[in-house]
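Between the sequences and the hints, there should be enough to build the whole structure, so can you do that?
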Amino acid sequence: MFKKILLATDGSEHSLRSAEHAIKLAIQFNGTVDVVYVVDARTSKSDVLHYVDKYEVKRERQEKIKPVLTLLESSEIDYKVQILHGEPGPSIVDYANKHDFNCVVVGSRGLNNLQTMVLGSVSHKLAKRVKCPVLITK
Amino acid sequence: MRDESYYTTNRRGAKLNLQTIKQEWFGNIRGDVLAGIVVALALIPEAIAFSIIAGVDPMVGLYASFCIAIIIAFVGGRPGMISAATGAMALLMITLIADHGLQYLFAATILTGIIQILFGVFKLASVMKFVPRSVMVGFVNALAILIFTSQLQHFVGEGWVMYALVGLTLAIIYLLPRITKAIPSTLVAIIVVTAIAVFGNIGIRTVGDLGNLTQQLPVFLIPSIPFNLETLIIIFPYSLALAIVGLLESLLTANIVDDMTDTESNKNRESRGQGIANVVTGFFGGMAGCAMIGQSVINVKSGGRGRLSSLVAGLFLMFLIIVLGGIVVQIPMAALAGVMIMVAIGTFDWSSLTNLHRLPRTDAVVMVVTVVTVVVTHDLSKGVLAGVLLSAIFFASKISKVKVTQIVALEGSKKVYKVNGQIFFASVNDLLDKFDFSDSVKEVEIDLSYAHLWDDSAIGALDKIEMKFEQNNIHVTYSGLNEESKHLKKQIGGFSKASGH
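Chains as they are written, first to last, in the numbering used here: chain A, 1 to 138; chain B, 1 to 501.
In case anyone wonders, no lab produced these hints; they're calculated from the structure.
Because the structure is a prediction, the values reported are computed rather than measured.
Don't take each hint at face value.
Said to hold, decoys possible - Using 25 Å as the maximum straight-line C-alpha spacing, the simulated SDA-like pairs for lysine to any residue come out as follows:
#1 K24(A) / Q62(A)
#2 K54(A) / T20(B)
#3 K131(A) / T180(B)
#4 K181(B) / P90(A)
#5 K403(B) / D433(B)
#6 K398(B) / L49(A)
#7 K54(A) / R269(B)
#8 K129(B) / E60(A)
#9 K54(A) / N355(B)
#10 K66(A) / D258(B)
Stated by the list, open to error - A short list of chain A residues far from chain B (calculated; beta carbon distances all over 12 Å):
#11 K4
#12 D34
#13 R129
We put the beta carbon where it would ideally sit given N, CA and C, even for glycine.
Structure below.
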């Protein structure tokens, strides 16, 4: 039933907990996990400014979501990583709806409260607009 | 057979090229046209405000933005990037305009373009890598601070109305996107504040008080300046600074757009394109410009990806000025100051403040020195120069630590010095102090297995060491030279010793 799972992550503590749930689901249904990490304009700007070249930028981003990847690595399930560019909410919605996922797993909270207040929460946008079931983890 | 295969690859190459051109121009028509319109709306207040910073009529910035945006659409190397009149460039022109006038600015703009074209032709975009990250961070932070402080003059002698209107402008800019993102919030802020000022009959300074606005297309003109060496001496330092700062910001912006869109771009073509755009702008009564981080981000976020968006932005900008010029002069300075404060806040790299204590100490110092130099001199290029020089000095001092260990061999009659590190002009002084020349040994071996000789100072230092030992009748031999060092030593070794006698 949940064969193809999309895990949205930002490398935070909260997203680590959603990763645990995604893994549990994948194990139970013998499924695969696609990890997406979205780079928004602000992050793009500061990453390019602070790191020497695009290879270092790429490495730093892998480093950011490393806790999630280590967790997936140790679980021995099949997983892929996709880095998207744009605003987190719409980008994930778009990606999820284009690739026939059975389930999207996302944390209820992201990096900080201020952003949630100004931009609205990503999990809320996903719950509204993604066509498959969305699991919002606490 | 051979001819035929050559023919097909050539044809495929040409076809591919045509496809790329088609893709770059018409691959995203809807997104590009919409984004171009949004960018044009956001450009107007900035072009006017940057003109006022430079001390010229708003038309100079508007003509520049119009010309640069259109030319770059055709000759730029990074589709989806927006170039126009910018704060970084405006800040560099202030004294040129104040001391010599507008005609010299046009001439300097043309020369800036020529320098940038040469940069592109000689593929010098890679020189950018010699500008360390901490200098770039210092550059954007200093730029933000200067844009902010340039607005403070508009508050002098103004009452609470000014503060209230600036506050209102900022509130609309930051709060409106929570309700709708369809219209640029800066535009709404300007319309609302202008409406309040016009209908409320508030006697507040407007754009019209600071300069003229002509509702016509720019015309070709040759700057009316004496064409002699004296003129060149006046404008060249400005042009060089403008060229460097323009390329620095343009290539940084190109990298950001590359990352945001996950695509590649041609940096040398962009350098040439910036140059061509500035040359044309100078002939059409505009001021030098470059790529804009803020506007490019707005463009990409609004769906702009291709060359069309920059063209639409330029055309629509001019259309608006011709149609709405009469209203534009009524925009209160309070609204523009609010927009500029927003630009300053957006330009500043806030993460560099929170990360400052985590950076290596020397990187933090370089960043702060870059910022302070710019704020004191009001010249971004001087800040970059100071930052690059300081980084070079730090690098040299880090790398110039040479370790020398002594080993006594052959029952005290021979001594081996193991040299570990980079031997070059900055490290040779330390090196000499580490040898004991008045030793009682007969023979000295200098082991250079873990050393690298870089320049003639290194060779000179070795010759000096050899000479000093020989004055005490101690024979010197070398071992473990790597190929490069051996070659260098053979090439210039012995010269300095010979001349010393």
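Tested hints:
A distance of roughly 23 Å separates the Cα atoms of K24(A) and Q62(A); the hinted pair therefore holds under the 25 Å criterion. For the hint pairing K54(A) with T20(B), the CA-to-CA distance comes to about 23 Å; that is within 25 Å, so the pair holds. Only pairs whose Cα atoms come within 25 Å are accepted, and K131(A) paired with T180(B) is accepted, the gap being roughly 24 Å. For the hint linking K181(B) to P90(A), the alpha-carbon distance of about 13 Å falls within 25 Å, and the restraint holds.
Between K403(B) and D433(B) the CA atoms are separated by roughly 11 Å; this keeps the pair inside 25 Å, and the hint holds. Of the pairs offered as hints, the one joining K398(B) and L49(A) holds, with about 24 Å between alpha carbons and a cut-off of 25 Å not exceeded. Between K54(A) and R269(B) the alpha-carbon distance is near 19 Å, which keeps this suggested pair within the 25 Å criterion. For the proposed pair K129(B) and E60(A), the alpha carbon gap of about 19 Å is at most 25 Å, so the pair holds.
Distance check on the hinted pair: K54(A) and N355(B) sit about 20 Å apart at the alpha-carbon level, within 25 Å; holds. With a C-alpha separation of about 24 Å, the suggested pairing of K66(A) with D258(B) holds against the 25 Å cut-off. Against chain B, the non-interface label of K4(A) holds: every CB pair exceeds 12 Å, the least being about 23 Å. A cut-off of 12 Å between C-beta atoms confirms that D34(A) is not in contact with chain B; the least separation is 17 Å.
The claim that R129(A) is not at the interface with chain B holds, since no C-beta of that chain comes within 12 Å of its own (minimum 16 Å).
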